[in-house]
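Q: Each chain, written out:
Number of protein chains: 4
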Amino acid sequence: MCRWAAYTGAPIFVEEIVSRPGHSLIHQSHCATECLSAINADGFGLAWYGEREEPGLYRDVMPAWSDPNLRSLVAQVKSRMFLAHVRASTGTATSRNNCHPFAVGRWSFMHNGQVGGYDAFRRDAEMLIPDALYPQRKGATDSEALFLTALGEGLATDPRGALERAVAKFEALSRQKGAAPHIRLTAALSDGVRLYAVRYATDDHSPTLYHRWSPTRGGRAVVSEPLESGECWEQVPPGSFCVFENDAVEIVPFCPAPLAAAA
Amino acid sequence: MCRWAAYTGAPIFVEEIVSRPGHSLIHQSHCATECLSAINADGFGLAWYGEREEPGLYRDVMPAWSDPNLRSLVAQVKSRMFLAHVRASTGTATSRNNCHPFAVGRWSFMHNGQVGGYDAFRRDAEMLIPDALYPQRKGATDSEALFLTALGEGLATDPRGALERAVAKFEALSRQKGAAPHIRLTAALSDGVRLYAVRYATDDHSPTLYHRWSPTRGGRAVVSEPLESGECWEQVPPGSFCVFENDAVEIVPFCPAPLAAAA
Amino acid sequence: MCRWAAYTGAPIFVEEIVSRPGHSLIHQSHCATECLSAINADGFGLAWYGEREEPGLYRDVMPAWSDPNLRSLVAQVKSRMFLAHVRASTGTATSRNNCHPFAVGRWSFMHNGQVGGYDAFRRDAEMLIPDALYPQRKGATDSEALFLTALGEGLATDPRGALERAVAKFEALSRQKGAAPHIRLTAALSDGVRLYAVRYATDDHSPTLYHRWSPTRGGRAVVSEPLESGECWEQVPPGSFCVFENDAVEIVPFCPAPLAAAA
Amino acid sequence: MCRWAAYTGAPIFVEEIVSRPGHSLIHQSHCATECLSAINADGFGLAWYGEREEPGLYRDVMPAWSDPNLRSLVAQVKSRMFLAHVRASTGTATSRNNCHPFAVGRWSFMHNGQVGGYDAFRRDAEMLIPDALYPQRKGATDSEALFLTALGEGLATDPRGALERAVAKFEALSRQKGAAPHIRLTAALSDGVRLYAVRYATDDHSPTLYHRWSPTRGGRAVVSEPLESGECWEQVPPGSFCVFENDAVEIVPFCPAPLAAAA
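Order-wise, the sequence lines are chains A, B, C and D. For the first sequence, full-length UniProt numbering begins at 1 and goes up steadily by one. For the second sequence, full-length UniProt numbering begins at 1 and goes up steadily by one. For the third sequence, full-length UniProt numbering begins at 1 and goes up steadily by one. For the fourth sequence, full-length UniProt numbering begins at 1 and goes up steadily by one.
The hints are simulated quantities; they were obtained by calculation from the structure and are not laboratory data. Just so you know, not all the hints are guaranteed correct.
Copies of the same chain look alike in the list, so a pair counts if it works inside one copy or between any two.
[What the hints assert, rightly or not] Below, in silico cross-link-like pairs of lysine to any residue (SDA-like), each with a Cα-Cα straight-line distance of 20 Å or less:
| no. | residue 1 | residue 2 |
| --- | --- | --- |
| 1 | K177 | V249 |
| 2 | K78 | D247 |
| 3 | K78 | D67 |
| 4 | K78 | R106 |
Extracted from the complex, chain A is given alone in its bound form:
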């Protein structure tokens, strides 16, 4: 399990989400409260959108709290759209290429959760990635494979559908060769224009997902757990796909169709 926070709206210094709030993402890297592991110290990452179509990407393997580069970067960089993540490995090595977010072209993606028994079918899962995207496979995580599979399923034109199809394929593999719980996931993704988030599980234990519009800031934070206590955060129900654009929120069902076989 990991923790993450995303933002879309008027440009703000990234530190306003990542390090300044009382229960900021960096605070959550050693004191998370709404997930199994309080410690999320197996690397971190930031994808931010600025003047280019492609996001900037900064990832490293130290705990987020101990990296002076990160502290400096989030204090300097203003962004209208960014994704930030602190990692608690569920087994895969601590390496930069296994840190979230992942970025391909204009898209960035980060994930919290698990795919049950993934080690038993990692090879099958990687086979779901199309040849054209395979050079983007840099690490060994289920998360990166899911992202690349979703890109192959048409993420650019049909984000919800593509992600449903990708998750359905992973779910089928887990049912066939893996173990329960098959899928527990929250994820955030962006093309630099809209911010998307999803909350889904094959059992009753969906990871939590919240969002909050700040009128003073003119932007919205989307998070795996609230950044401040005492604030009013809206919880997204399980089985939801969210589209955040400017101050608008659209929340629709997220229903990966059961598949007979995976590949």
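Since the structure of chain A is provided, determine the placement of chains B, C and D on it from the hints.
A: For chains B, C and D alone, kept in the frame of chain A given last:
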């Protein structure tokens, strides 16, 4: 506050102390129980004695639990004397040169605790280091400065006296320019022949210090907190200096003499 | 292109190969002479055999010349069989999981060379790795994929044949989807008992491969370029598979059979 | 010896200096031509000024050419004033805190050159740093000590004078306790408003220093060696202190006054 474990006796794989026990040092790197911070993830280090007079030294900035090099090294290396440390920074940067143990010539040294208000007199403390030892000053910690000062006070010929004099000087600086609590320290050090440990504080909160002889193993572990519950560990009283050689234990008072001024 | 050196014989400090000779492996990390890139600074690695069946593994992403951990390790560790490597990336990321040697069970493997147009068929190459070995796929290099494929082809019982079959499959993929030159390779591998090396290319530019028995040391070094000028090194001819056991050398042809299709 | 490049002018993507030119700073990290070591791979750093008074700081220990974070950062960040550096250690450890630039408050500083026999008087040199600045002493380089000494000499109000006094003190220490050549230095520094550079040596071998105004870009690059061959770069004569503000250049003599004794 940090956690550490040392060993002297018949050669064992280092992992028998560092990673195998139920509450091994690596377990303590995320779940320490007898110190303020449960998380000791700001780097780690190992000094071990083998076929040379000088110890080997392996230190890195990741959490100890996530470094495959460490896992491999402690599974391969057998040693009759070693010091291992997991770090929780009290402010100084997470960098290899700030990781314990420190090693100079045949000596190695590691430390847990604090020197009150150190930042206000770091320059004075570094001035206590003799010119000949100054090239060994690699990082910025109070611990390394204390070790080098003790070496300058004659650690090689009078370990207890030299450490008392060094601590007295640091204590005087803290009283003069720093803040309470002035000194809280446990430390372990070795010349490759004997293992020494010290427990001391200027107030009633000495960090804990334990040791235990294993007859099956033919060796002794000296630790900041026990490696297994249910075992019988002997606690060292505050204000003690310990000498461990073969199966013998000598525990004598550790009494840094009050000093009027530091430098 | 990379540089590497291996040793088998009476136990020696690893530094006697890695850092002490005039043109040691660390010297070659910035001044290699017999390959295209003089600089091999994209990480390094060491696999050594000691008291266990499995080798120890130490790899990191810095240049070999600047890592104090490596310097200390090779000064302390004595080994009767080890493989050491300095890397010049041909495109893949500089990450620990992309550093040689690779180790699975008792086997270790390191490689210098290229597989022509690998990016275009990496997915096909990874499909050659059997399911049971797939969890060992940690990085993204052609070298690791070749090693795992060879393990799947029966490296443990038929080293030459397994490596020939694995190389034949990679060669077929390169002819089908990649680019010339299809294969240029030297590699060293070991099961902890014997040291194997191979030199092969599909064109006239096999990377160099040398070995030399030292009677004073009682051991043999096998290298991609000589460790000292003025010494008498034997060059292995292209298309050779070498078995080094104690002071014996067996050199036989290495002839991957042409394959019609890859998978 | 190291290589560096600085820029002041209309905001540009940092990559236009650091990675895009034919002989960019990253190219110089493995193929420098105007200094003793062609390889400058012992870490790198970037200080850039954006919306805050203090610069952002990004430094790491890998070779500049192999860090994807750096590549992404310089492609995203636009800046009107920045300093970038690739390091070839002259002995000090490869660690982030030894990487240039150094930053304190609004000031940043980077250096190429040497202080003769520094190890013999490092302690004396550090004593030149005032107490108030001593907490900023993070590493062990002569460069950082020189910068902090210059800050203590009044860099903020009298840049040339403060740097002359600091260099004079280092030169006196080198003459007294060190070795020839006593000082060879080029350095660049900034308060976020002006860019300063200095070229000086106690012998005839000042490191090179060039600058060039780009009318198309509306900015000036100041470098240790030209970024493109075929362009017209102006060389700064030895013993010079340069002030670059907007498109204006002021070059005045830099004459550290001989000192009898250092401290």
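Q: Within a copy, between copies, both or neither: which one fits K177 and V249 at a CA-CA cutoff of 20 Å?
A: Neither: 37 Å inside a chain and 46 Å across chains, both beyond 20 Å.
Q: Indicate which option fits the pair K78, D247 if close means a Cα-Cα distance not exceeding 20 Å: within, between, both or neither.
A: within (19 Å within a copy, 28 Å between copies)
Q: Could you place K78 and D67 in one of the four classes (within, between, both, neither) given a Cα distance threshold of 20 Å?
A: This pair counts as within: shortest intra-copy Cα distance 19 Å, inter-copy 22 Å.
Q: Could you place K78 and R106 in one of the four classes (within, between, both, neither) given a Cα distance threshold of 20 Å?
A: Both: 18 Å inside a chain and 19 Å across chains, each within 20 Å.
Violated hints amount to a single one, hint 1; each of the other numbered hints is respected by the structure.
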